[in-house]
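Participant: Turn these sequences into a full structure, and let the hints guide you.
Take a look at the letters that make up each chain.
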Amino acid sequence: MPPSTKIVALNAAGLPHTPAAQQDDPIPSKRESGENRQAAVKLRRVALGLALPLALFGLWQISATAGWITSNNWPRFSLVLTALALEMLRGELPIALLQTIGLVVGGFAIGAALGIGLAFVSAVAPLLGSGLGTLVELLRVIPIPALVPPLVLLFGTGLEMKLIVVAASVLFPVFLNTLVGIVSIEPQLKLVARMHGLGPRAFLRDILFPGALPGIFAGVRIGFGIALVVAVTAEIIVGDSGIGHYLVLMQFAARPAEMYGAVLLLLLFGSLASLPLKWMESSVIFWHHSRQH
Amino acid sequence: MMKITRRALGTLGAAVLLAPAVVKSAGLDEIRVGTIPIVDSTPLQAAIKFGYFSDVGLKVDTSPAPGGAAILPALAAGQFDFAFSNTVSTLLGVNEDLDFRIVTAGCSTGPQPPDLAGLVARRAEKITDGQQLEGKRVAVNNRNNIMSVRTAAWIEKTGGNWNKVTYVEIPFPQMADALRAKQVDAAMINEPFLSLALHTHGDELEGVGWPLSQTAPSGVVSQYVSTQRVIDAKAKIVEAFAAALGKGVAWTRANIRKPEGEALISDFTRIPAERLKEVALPVYDSVVLPQKVADLAAVMTSQKLLKQAPDLRTLIYATALVDHAT
Chain A
1 MPPSTKIVAL NAAGLPHTPA AQQDDPIPSK RESGENRQAA VKLRRVALGL
51 ALPLALFGLW QISATAGWIT SNNWPRFSLV LTALALEMLR GELPIALLQT
101 IGLVVGGFAI GAALGIGLAF VSAVAPLLGS GLGTLVELLR VIPIPALVPP
151 LVLLFGTGLE MKLIVVAASV LFPVFLNTLV GIVSIEPQLK LVARMHGLGP
201 RAFLRDILFP GALPGIFAGV RIGFGIALVV AVTAEIIVGD SGIGHYLVLM
251 QFAARPAEMY GAVLLLLLFG SLASLPLKWM ESSVIFWHHS RQH
Chain B
1001 MMKITRRALG TLGAAVLLAP AVVKSAGLDE IRVGTIPIVD STPLQAAIKF
1051 GYFSDVGLKV DTSPAPGGAA ILPALAAGQF DFAFSNTVST LLGVNEDLDF
1101 RIVTAGCSTG PQPPDLAGLV ARRAEKITDG QQLEGKRVAV NNRNNIMSVR
1151 TAAWIEKTGG NWNKVTYVEI PFPQMADALR AKQVDAAMIN EPFLSLALHT
1201 HGDELEGVGW PLSQTAPSGV VSQYVSTQRV IDAKAKIVEA FAAALGKGVA
1251 WTRANIRKPE GEALISDFTR IPAERLKEVA LPVYDSVVLP QKVADLAAVM
1301 TSQKLLKQAP DLRTLIYATA LVDHAT
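Residue numbers (the working numbering), protein chains in the order written: chain A, 1 to 293; chain B, 1001 to 1326.
Hints may be right or wrong, so weigh each one.
[What the hints assert, rightly or not] Here are the computed lysine to any residue pairs in the SDA-like style, where the Cα-Cα straight-line distance is at most 25 Å:
no., chain 1, residue 1, chain 2, residue 2
1, B, LYS1164, B, ALA1298
2, B, LYS1136, A, SER71
3, B, LYS1182, B, ASP1129
4, B, LYS1182, A, TRP60
Read the hints as simulated data drawn from the structure, not as lab findings.
All figures in this text were calculated on a predicted structure; none of them were measured in a lab.
Facilitator: Encoded structure:
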């Protein structure tokens, strides 16, 4: 039996984590129509979710064409779309996007691994943990972009520096949420594990790690959003690569349509990139109450 | 700027230890140059593109910083061997006891307008001189650079007191919008934003003065700067850099208004070539005239930006006094 299923069994036995849908619809025939209703609600929600941004883009287009806003910095939305398409074909923008993705993924992976690792170290060694916790509480309030200038002095303006900035900004939310995940594991579960004579390695693998997963995923989700923001910010401040640099270059070349096009691309990337994480979360910790609505 | 240089000074000790040594790669000495992707740095880009640097055994690694604010601190910290810098920022750094040395010429203003930057105001207010700007708000991209110093000098020259004017830092791309929204009453706008603003909003905005050439015809704007530390460690490389850049200046002068020149500028600034035809370009210098630097230092001293006049004989290194473009 794989460890995760064991936990599910324990969890289901120890805690009333029964799916909400089953409680609401005790009669099978009613449940079916309920599912249909749910599908319709979901569809309506997606449609509404798309309608609002589309309406805003439409408003943008009208405000520029009708002359409500005349400024060199307010191109028509259709021009932004054209610029985006042309720049994607020209090849500079896809390269910039790949550079940014590399920075986000690389920095995120380093920061998340360190955050999770440190959280488990703190959980296992409480004395070290309280020291580390204080340090993290102090450091996490510093706006990361403020750290860029001193980091430039220490690590230069290259990829290394930007990876450190991104990793540092991911580390804190992942660390704190993982810690919360570990702390919120049912004490009864730990007792049961101890009664069954679980060794320290098995305890970590079968109790601590799976128990902390909801916290880890919460931290990772927050961390990924931050990674994207911080990566682009770092690129805006230093260096000559990525979407951040492209944004500033186009701004100072008086090409706002290209600039907004790149912002649109970031928007698309940001929303698509969170999908694999969400999917992973819902398939790994399907048993957790936060996944069941 | 002064704040930044002071911070740079503080971290100098740590940074010296971390300063990268010159790396030999494929027989070429690698140098790091801090630059801004604007039309002013065309000779550097030309010298890179046409191999003038590799001809003299140099491989140039440029780090274009669009804002440019971090360039001099990075030079002071040893992250760069050379930096493209406006003369005011350089003099402010020297005033803070940083060991900056002008190693080769950059750009100047033309003898008369149009300049690469101009003072713009709203038509309706009929502003014609500095006196009318007293008590008003003027947008500059940086409170302590060549643009703000020349704007203050223009206000003074046209009968105003620059101390009674409030400077507001606004990036060039946003200046026209800030003017039209009445957040400021005048703005010192650089190209290509100057011609764009007058083109799009010519009914509302107008050029009221040319602070650069009207206060200092053919005045200095920028140079390439290094540090005494770099000169002591690699004097040969500094000489080679100046020589190669001089060839870049010669190419730029010959081709700047030709399709090749416009293609090169468009390539590194991303400004469309057709728009370049409408904008004023700087004068590309091949030799530094100490008197021009002294003139600017005098203006800065009168504006209380400098504690004392800089020692030009140490500030301007020998390579800057040789015309490398001929």
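Participant: Now tell me if each hint is right for this structure.
Facilitator: Status of each hint after checking the structure:
Between the alpha carbons of LYS1164/B and ALA1298/B the distance comes to roughly 21 Å, so the proposed pair stays at or under 25 Å and holds. For the given pair, LYS1136/B sits about 23 Å from SER71/A by alpha-carbon distance, which is consistent with the 25 Å threshold. The straight-line distance between the Cα atoms of LYS1182/B and ASP1129/B is roughly 18 Å, inside the 25 Å bound, and the hint therefore holds. Of the supplied pair hints, the one linking LYS1182/B and TRP60/A holds, its CA atoms being roughly 23 Å apart against a limit of 25 Å.
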